[in-house]
Each structure stands twice: as C-alpha cells, then as structure tokens.
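**Q** Here is how the chains run, residue by residue.
2 protein chains.
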Amino acid sequence: MKPYLVEMGRKAREAARFLATASTSQKNRALLAMAKALRERKDEILAANLIDMENGREQRLTSALLDRLLLTDARIEDMAAGVESVAALPDPIGEVVKMWRRPNGLEIGRMRVPLGVIGIIYESRPNVTADAASLCLKTGNAILLRGGEEAINSNRAIASIIAEAAKECGIPEGAIQFVDSVSREDAIELMRMNQFLDVLIPRGGKGLKEAVQANATVPVIMTGMGNCHTYVDESADIEMATRIIINAKTQRPSVCNATETLLVHEKIAREFLPKACAELVAKGVELRGCEKTRSIVAGIKPATEEDWETEYLDLILAVRVVGSLEEAIDHINRYGTMHTEAIVTRDYDSARRFLAAVDAACVFVNASTRFTDGFQFGFGAEMGISTQKLHARGPMGLEELTSTKFIVYGSGQIRE
Amino acid sequence: MKPYLVEMGRKAREAARFLATASTSQKNRALLAMAKALRERKDEILAANLIDMENGREQRLTSALLDRLLLTDARIEDMAAGVESVAALPDPIGEVVKMWRRPNGLEIGRMRVPLGVIGIIYESRPNVTADAASLCLKTGNAILLRGGEEAINSNRAIASIIAEAAKECGIPEGAIQFVDSVSREDAIELMRMNQFLDVLIPRGGKGLKEAVQANATVPVIMTGMGNCHTYVDESADIEMATRIIINAKTQRPSVCNATETLLVHEKIAREFLPKACAELVAKGVELRGCEKTRSIVAGIKPATEEDWETEYLDLILAVRVVGSLEEAIDHINRYGTMHTEAIVTRDYDSARRFLAAVDAACVFVNASTRFTDGFQFGFGAEMGISTQKLHARGPMGLEELTSTKFIVYGSGQIRE
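Each protein sequence line maps, in turn, to chains W and A.
Sequential numbering from 868 applies to the first sequence in the numbering used here.
Sequential numbering from 868 applies to the second sequence in the numbering used here.
One should not assume that every hint holds.
Each pair may be met inside one copy or between any two copies, as identical chains are not told apart.
[Said to hold, decoys possible] Heads up, simulated SDA-like pairs for lysine to any residue below, C-alpha to C-alpha not over 25 Å straight-line:
{"no.": "1", "residue 1": "Lys869", "residue 2": "Glu1077"}
{"no.": "2", "residue 1": "Lys878", "residue 2": "Leu1222"}
{"no.": "3", "residue 1": "Lys878", "residue 2": "Leu899"}
{"no.": "4", "residue 1": "Lys1076", "residue 2": "Tyr1179"}
If you're looking for bench data, these hints aren't it; they were derived computationally from the structure.
When you get a sec, could you build the whole thing from the sequences and use the hints?
**A** Encoded structure:
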C-alpha cells in the first residue's frame, strides 16, 4: 500500500475514535462552520472549478457532463445550505433503538454507533464532496473522499475548505481527508484497505462499479444502477398515469430513478397508449414497443429482449402490454435492477399485491419513480442509493451510516 | 460453476420468490411439522450420526470435537424444541419499521422483507442445520446449507427430514437445500454465486474465515473471532468480579465469548488478584501476567505481546494491571476483536464511559462475557455472532436475516 494511503488510513482511524464519542453540539458547530466557510471562500472554489471546466472543454466532455461539473454562486449556496440542513437533523448516534429485560434481569439494548471509517469513490458532481463529508461528520464517521479526475480541482478546494473549518472547531484532521490522486492503481489500493476502512461506497458509472466488484476486499455498499418500470394497471386513472409516465421518463432522463420501461395492462392499453405515446413523442422520447403496443400505436420501433434489460439513461422508453398484474410483476422481477418500481392503479388489491410482490429498494403507488432520492425522502442529503439488500437499501441518509452495538446492564449475572 | 450448484441456485431463487409473500401461518405450520419430523425420525438421525462418530474416531478427532459431533435423544429433542421456539417468535416480515409523510403528501415507509437466498458454510455442531434452516424459513429466506465433512451424514439426514416436512406443508423444495459435497472447490464456487446468493455466512474456524475473505465475491457477514476482555474497575465489588471472571473464563473456554484477558485497575489489584488468581488456578487455568501482576501474585508466567493478541479458546488467561479506565479502554480497542467486552464496576461514570468508548459488538456492565449468544439474548436461535459493523453486529436472530424496502403511497405526485 502506498505510504500516503497508510498515513491517511491511520489518521482516519484515530479521528474515528475521537468522533465516536464527540458531542452532538461539537459536531453541529463544525457543520455550521463548514457551511460558513463554503460561503466565505466561494471565490477559491469558483477559481478551482474554472480550471476543471477548461480542462473539461479541452477534453471535449459532453455539455451534459460539463453542466454537472459547473459550479455557480447558486450551486455553492445550495451546497452550504445542504450542510446546514444536515446540522439541523437529529443526531442518530447514541440512540437506543430497542431495550428489553431478560428473565435473569439482564437489560439488553441496541445503541446506534458510527460505522468508523467510510471511503467513497465518486464520479458525480463536486457537491458530493460536501454532502458526503457532512453526513459522515454528523454520524461520527471519518471519511476518505476520492472524487473523479474531471472534478479534482473543485473537489480539492471544497474538501480543504471544509476540513479546515472542521479542524478549527476541534475536529481532528483525519476526520475529512481528500485522496488527492487520479491514479487508478491508488483507487484499487483504496478498495483493499481492510485494516483502515469499514465500508466503501462507489458512486458513479458502470466502469467504477465493475472495478469495485472485481477488486474490493473491504465491505461495499453498491449504489445506483436503475432499470426502473412504471406499470399502468387496468384500473388506472388515465390522466394521472399519463402525467406520471411523462414525469418519470422526461423530467431528468439521465438519472437512475428515471423510468426505462412502461408496462400497460391490455384492458387499458387501447385507451391509454395512443394519447400517452403521442405526449411522450412530443417530448422527444423515442419509443420501442412490443407487438401489441405496435398494433395499437403506429410508427413505433420494435423492442427486443435487450430493450427490456437496458438502463437507457436517455430519452428512450420501452413499452410492453401485459395480460395481467402478475405478468407485470414477473417482468419487473426478471428484468428490473431492484431500484424503483411504480404502479398506477385505483384498485386496492392491485396496490397491495404490487407493493408486496415487487422486489425492489423502493416501490411506489401512484407517484413518479423520480422521487427515489435522499432529499425527496426527507433525509437532508444522501450518500447514494443502495441497490443491495445488505445493511442499506434505497436512498442512504444518516441512519444508513451507522451500526449498532449491544449494551448490556447486569448486576453480577453469570451463565449457568 | 458446477451444474448441480446452478440448479440449486435456480431452485433457491424460485423458492425465495414464493417465500417472500408466504403467510406467517404457513411458515409456522411448516416449522412445527419440521420439529415433529425431527422427533419422529430421530432414529434415522442417530444412525447417520453413528457413521460420523465412527469416522471421527477413525480420524482421531479430539474428544472435544467428538462431543460437539455427538447427537443423542436429548440433543435431538433440543433441536426440535429450538425449531418450535422459532415458530413461536413474531414474524418480522411485513413489519413497517417507520412511516412518515412528506410535505407533498407522499407517505413513505420502510417495510421488513426477506434478504432472499442465504448461504451458510458451517463447521459447527449438526444442530446448526436445523437452527439455520428454521430461522431462514421464518424470515422467508431460502437457504443453501453447506456443513462440515465431519458431520456430513448427520447434516444430510437432518436437512432431508426437515426439507421433506416443509415440502408437505407446501413450502417449495428450493427453500431448504443441502449442498451434499465436501469438496473445497465446490465451497469456493458457493462463495462466488453472486447471481443466486444474497449473502453468505461462514460459521467456523479461522481457516474457513480466511478462505471466505480470500475467495468470496458475494456479500458476506463475518462471524465469531472473539478476543474478549473483562476489566475490573477500581470500584468493583471484589466478590462479584471474581465470580464473573471465573465464569467468563472457565464455564466453557472453547467458545468465542469466553474471556481471554483480564484487565485490573492498579488500585484494586493487590486486593483482588491474589484471591481471584488462586481460584482461577484451582479451576485449572494457566495464567500469563504483566510485570505488575507478577509482582503481586507469585508463580505466574510472563505475558508477551502475543498473549494480548491471542484468542486462546482454552484454559489460559492473560492478566494485565492498568493505571486507569482509559488505559483499559485503549488496550481493548487495540487488541480486541470487537466481539464482547465487560467492565465490573460500582461507579456510574465508569460504566457509562466504558459503554460509550469501547468499540465492540456487545459491551457488558457487571455480567459475564459468556452471555453473548442469540438464545441468551432472547432471539430463540442464532445464525452466528457477527463481528462486522455492516448490516448485523453481534448475535444474529430473525431481524438480522431481513432487509427493508421503502413503500411509498402517492396520489399522483410528480417531481417538479
């Protein structure tokens, strides 16, 4: 392991031990100081971001990527406000989730504690630096931040500003550390720092996730692939279903909670599809349909097996007519990535059956799949959206960054 | 992957889908039928166990190992009663842990759901076959059981009896499957069945855990290494402290929750150690002490750095005199395996500080470390004792075999 990573790991472990018993007020003071510093030193951040933007243009990043990279006064203000909103949330650490008494008089409780040291490898927007660091500080975890090459100047500036502000409030240096390297080799070493990292969260594209799956030896929380469906049931309100599918597909097609396949009950297809498809096409959506869909709406490309499996992240929508609710559920459980699935229905039993039988992190009745998001769920910020079942599932907020320990109060009990 | 493992994985997935929405009464009926079948067909189990015992004697297993392997009428009765006690516990599946309303009217809840398919590789006693299968069935998970070579005949008999009983109650065959192989290569394939397994739980010795760490690509819950400490604080009740350390060391020294190091505050050492050490020695315990310990009690071997790190699993105890509570906490956080740690004290602040600052799955005040156990905690049975922080920490009962999904009730909400 590179000596600088060992040193960072050591400092993170030390900081984690301090943070585990830091008071809520000290953590909140540091968070508020971090928000203040982001505002006061925004010119440094904008200057660093300018370099990333210039490099990005030179490297001919797409305009969508450049937009994700761009920081403005308003975006830095959002970042600072996000840190403040984390300060305002209740501190989960020390909460005793449950406590019970055993026949021998032992009182056993589960207390929320920090995970320890969290590593995050991300490719997303620079605000992830501030979001992740503030969630980790609030939950008493030390964090190693390893952002993408395209945003390295912005991330470095943000990380150093918030780490300094936290340090001035007595938080150890090791609590928020930025891995200032773009080497792939270093990233892989980070994935294998078992003695220093309690968990690694990859947040980015397919390539990153595959690299983590192939190389990580530390415990990982996988995030984000979303092949999401919206199912329009026989009894759906057609106006509502149309509004929801338009929103789920077009409001922001490039993100994981956008809908990729529309499933429609055959009894409502003739009434629903012509108008909905016309509106989708008017919004620039390319449709790919099953045979039944194509027999109802003209001019739609045929969908192949591959379409059912694809997360387009684009203005493309696969459409399939199904014979029943059960057929829709089977399709979703077969092709979905267990991220977000929605039903539009007026039928009580259909709603309950869909909620129970669909195996996904988030299952919606009568709402757009676009709501799967830590902010929308009320978590203040999010570390990502877990698509695994172990430890955390769905948007990860503060609670997902904690573990528990059993605390046991006795009066001299021994085991017979 | 071996075709038979693919076939088992496929069947397990199918069964998991059925189990996810199986009713509590159907699952309980199957559990009671399993308990009944264990009693009615105990002669088959005893006959199979006889073969394992004969093989074990031929292979000159230690008498301790042979004792762990041995089944008797009473032990089969215990096994059946254990399955019944799991049937009697409340069903965690479907429980909505929390539910809240967002400003836009969305109602968001977290519902407990099964993990899916669980693999367990175990070397322990044959009762693990019945314990693990019943916990998994109750929580709607399919299970692949891969026991140790030494117990293969007993495990095969138990697994086939309970699987048949469950099947007669309408539970699919894939719900409880026994991996009838002793090949190391097959075990490694099992650790890499990502498309079929949601989690793998290794339960056994160091060799098994190292093999899992090196080879597993599926999510793992690590169990069991326990270098546990009992700390006798300055203010401890000496009689209670003596009783607790005797119990923690000698009641069953071969298990992970036995105490391996005794830490004693220097202000109580002269009063406490002579009597406690004499009682420990009288119970056959070999002591290894730091210099101060040896200056107080004659005839004790010196402890080396290695002793502080060792999980003896034997009648050996390392003893160290510390200058303060903080020194005890530092020693534990440095050398412990985050399993179980105990303080004996009469001081309110010492108890609270120890509970807060010791980083372990289970932290006890005034009780023997031997209580870290699913049965003792009231979980009915246990899948093992997790020493990791992610997902499950400490004894794993029913809740630890579940995940959650977000269920969201809307009325046509779309995202702006």
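**Q** Give a verdict on every hint.
**A** Each hint tested on the structure:
no., hint, verdict
1, Lys869 x Glu1077, "both (23 Å within a copy, 24 Å between copies)"
2, Lys878 x Leu1222, "between (45 Å within a copy, 24 Å between copies)"
3, Lys878 x Leu899, "within (23 Å within a copy, 53 Å between copies)"
4, Lys1076 x Tyr1179, "within (17 Å within a copy, 40 Å between copies)"
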